[in-house]
Amino acid sequence: MTRIDTIRSRLGFSDATAAGFSLTLAGFCGLMGIITAEVLYPNYSTRMDISDLGSTRPPNPVIQEPSATIFNTTMLLTGALVVLAAFLLYRSLDRRGFPIALGLFGIGAFGVGVFPGNVTPWHGIFALLTFFSGGITVALSARVVARPFSFLCGLFGGISLLVLLSVFFYGLVIGGPSPLEPLGAGGIERWVVYPLIMWLPAFGGYLLSNATDNNGDPIRL
198 MTRIDTIRSR
208 LGFSDATAAG
218 FSLTLAGFCG
228 LMGIITAEVL
238 YPNYSTRMDI
248 SDLGSTRPPN
258 PVIQEPSATI
268 FNTTMLLTGA
278 LVVLAAFLLY
288 RSLDRRGFPI
298 ALGLFGIGAF
308 GVGVFPGNVT
318 PWHGIFALLT
328 FFSGGITVAL
338 SARVVARPFS
348 FLCGLFGGIS
358 LLVLLSVFFY
368 GLVIGGPSPL
378 EPLGAGGIER
388 WVVYPLIMWL
398 PAFGGYLLSN
408 ATDNNGDPIR
418 L
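Counting from 198, one number per residue, gives the positions in the sequence shown under this note's numbering.
There may be inaccurate statements among the hints.
[To be verified] FRET-style restraints, in silico, Cβ to Cβ: (1) Leu-380 <-> Gly-355: 17 to 25 Å; (2) Pro-255 <-> Gly-351: 34 to 42 Å; (3) Val-311 <-> Phe-225: 18 to 26 Å; (4) Val-259 <-> Asp-291: 42 to 50 Å; (5) Gly-373 <-> Pro-263: 35 to 43 Å.
The set of hints was computed from the structure by calculation and includes no laboratory data.
Given the structure is predicted, the values throughout are model-derived calculations rather than measurements.
No residue lacks a Cβ here, since even glycine has one placed at the ideal position from N, Cα and C.
Please model the complete structure; the sequences and the hints are all you need to start from.
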């Protein structure tokens, strides 16, 4: 029995219950951590990139404390909680593609915390991993939950991926500004990220409400 199994046994948690708890906590930490870092960042605007809270990009990076420490710690904690949930779901679900995608989502968020905006190219790589794997994860979750919640999962994942792909389409194919350009880089990024953050406690709550009892009965997914 692993240490995680021992803790779960003592608390009376199943894998699904623990995963739901972890994802709900991840969503809370992610949202409140970003908000707190924004409030403490001098003259911060939501038109700025979210990652600017940790550090702006080279050649002249700006790091504002305590916002940088708060944001980077938030990403580390959120990513670790998501990875833990992915591991637990991998052990309890028959559909392995979803927890693998969820794990990549968590690794991406954790990497954003390890490599702030001034660390190139790693920050950009992990940020893109977070965006793409997060959108795919949320979209895939529509296949493992019951209606009508599956419609919301598809909507949240679809919005995130659609906005993200539109940026690349207009930038690389059309070569012109996106229709979302008036939102600024930070506004567009929030349309990609916030649906993912909103999904975390929503899906976590779904797992908690469909949790197994202490006898280990199968979850209703």
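Taking the hints in turn, this is what the structure says about them:
1. Leu-380 <-> Gly-355: 17 to 25 Å: Taking Cβ atoms as reference, Leu-380 and Gly-355 lie about 18 Å apart, which means the hint holds.
2. Pro-255 <-> Gly-351: 34 to 42 Å: 38 Å, holds
3. Val-311 <-> Phe-225: 18 to 26 Å: Between Val-311 and Phe-225, where Cβ atoms are some 21 Å apart, the hint holds.
4. Val-259 <-> Asp-291: 42 to 50 Å: Once the Cβ atoms are compared, 48 Å apart, the range 42 to 50 Å for Asp-291 and Val-259 holds.
5. Gly-373 <-> Pro-263: 35 to 43 Å: Hint holds: Cβ distance 39 Å, inside 35 to 43 Å.
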